[in-house]
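Enquirer: Sequence:
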Amino acid sequence: MARHTFFCIDGHTCGNPVRVVTGGSIPRLAGATMFERRQHFLAEYDWIRTGLMFEPRGHDMMSGAILYPPTRADCDVGVLFIETSGCLPMCGHGTIGLVTIALEHGLITPRDPDRLRLDTPAGLVEVAVAREGGHVERVRLTNVPSFLLGRGYPVEVEGLGRLDVDVAYGGNFYAIVEPQANFTDVADVQPSDLIRWSPKLRADFNARHAIVHPENPALDRLTHVLWTGKARTPGGSARNAVFYGDKAIDRSPCGTGTSARMAQLAATGRLGDGEDFVHESIIGSTFTGRIEGRARVGNLEAIVPSVEGWARVTGFNTIVIDDRDPFAHGFQVVDR
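Each residue of the sequence shown is one higher than the one before, starting from 1 at the first, in my numbering.
What the hints contain is simulated information worked out from the structure, not anything from laboratory work. One or more hints might be untrue.
[To be verified] Here are the simulated DSSO-like pairs of lysine-lysine, each with C-alpha atoms no more than 27 Å apart in a straight line:
#1 LYS200 <-> LYS247
#2 LYS200 <-> LYS230
#3 LYS230 <-> LYS247
[As the list claims (entries may be wrong)] Derived DEER-like restraints, expressed as beta-carbon distance ranges:
#4 ALA231 <-> GLU292: 21 to 27 Å
#5 ALA130 <-> ASP188: 19 to 25 Å
#6 THR233 <-> ALA43: 42 to 48 Å
#7 ILE108 <-> THR314: 17 to 23 Å
#8 VAL212 <-> VAL333: 44 to 50 Å
#9 LEU107 <-> ARG221: 29 to 35 Å
#10 ASP335 <-> THR314: 46 to 52 Å
#11 ARG151 <-> THR33: 40 to 46 Å
#12 GLY269 <-> ARG162: 23 to 29 Å
#13 GLY152 <-> ASP193: 35 to 41 Å
Even glycine gets a Cβ: it sits at the ideal position worked out from N, Cα and C.
Input sequences plus hints: build the corresponding full structure.
Expert: Below, the structure is given as structure tokens:
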């Protein structure tokens, strides 16, 4: 029987949890890129993700990151993002949290103290850091090129009816639900409604529609649902609630979701280069997004988005996964 110990620093980014694995039983992974290492992790070590993210050591909203040496010579650190829904190619709130935690606790030593380059499964992510009084106050990440894949995909959602959704990529694929006949605003529904509707929307979409990233054929499924609404705070641009996993709603404004939303707005002429996009979460915290440039992904026009937010440390954790425990690899309570 094996007993595995993981040393972690816990925190949150604008309300959403981040658990950074700093040491312990971290496996060595094979692969020439972080995406290949991600595939190795999923094939052989996904029990680490479920053990650290699921109950009884985690919860439905838990997410985190494991730090690795980079596969690229031009990067400071490699990152593997883990959460209840899987091993994400990219996580915006996770990036803001891990950079804050890693710099404040000396986990990495960047070549430039105020700028980092992260090697992620989705590609290079550049980060700028604002410090104050010895602390990391804000982090701005320049995300991977993000794009609108298509508009007006029809889906049927039991209990809600027909919806037409746009699909955009910001590090993960998102169905973006804007106000329409059967949905008025994220403020007009309960979080429990979104948790009930979103898995049905995602399942119906993936059954009806085939999608694929133009440059990475392994990214071929819709994973997240972004419900939109009007801003409620002064200076806000829009409000959102992002659903992921089986029953999780992001407490932060969601970094990859913000990137996908900006790509959609830019492609439809509603957001210009350099304009601040203040994106609210379901709890009222905000990220500030901006289009930093333009790119192409395959034959699609894309934006280069940046997203700024803050994070704080909440505690230090030594977590044990013991094979004698019947719940060693975690569990979730879900509807059948």
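Enquirer: Give a verdict on every hint.
Expert: Do the hints match the structure? See the list:
The straight-line distance between the Cα atoms of LYS200 and LYS247 is roughly 11 Å, inside the 27 Å bound, and the hint therefore holds. Taking the CA atoms of LYS200 and LYS230, the gap is about 24 Å. The hint holds against a cut of 27 Å. Proximity of LYS230 to LYS247 is assessed by CA-CA distance (about 23 Å); at most 27 Å being required, the pair is judged to hold. About 22 Å separates the C-beta atoms of ALA231 and GLU292, a value consistent with the hinted range of 21 to 27 Å.
With their beta carbons about 36 Å apart, ALA130 and ASP188 fall outside the hinted range of 19 to 25 Å. For the hinted restraint 42 to 48 Å between THR233 and ALA43, the CB-CB distance of approximately 43 Å keeps it satisfied. At roughly 20 Å, the beta carbons of ILE108 and THR314 sit within the given window of 17 to 23 Å. Separation of VAL212 from VAL333 is about 33 Å and departs from the stated range, judged on CB atoms against 44 to 50 Å.
For LEU107 and ARG221, the hinted distance range of 29 to 35 Å is satisfied, since their beta carbons lie about 32 Å from each other. The hinted window of 46 to 52 Å between ASP335 and THR314 is violated, with their beta carbons roughly 30 Å apart. Checked against the given bound of 40 to 46 Å, the beta carbons of ARG151 and THR33, roughly 32 Å apart, lie outside it. Distance hint check for GLY269 and ARG162: the Cβ-Cβ separation is about 26 Å, which falls inside the suggested range of 23 to 29 Å.
The given range of 35 to 41 Å is broken by GLY152 and ASP193, whose C-beta atoms sit roughly 23 Å from each other.
Of the numbered hints listed earlier, those contradicted by the structure are 5, 8, 10, 11, 13.
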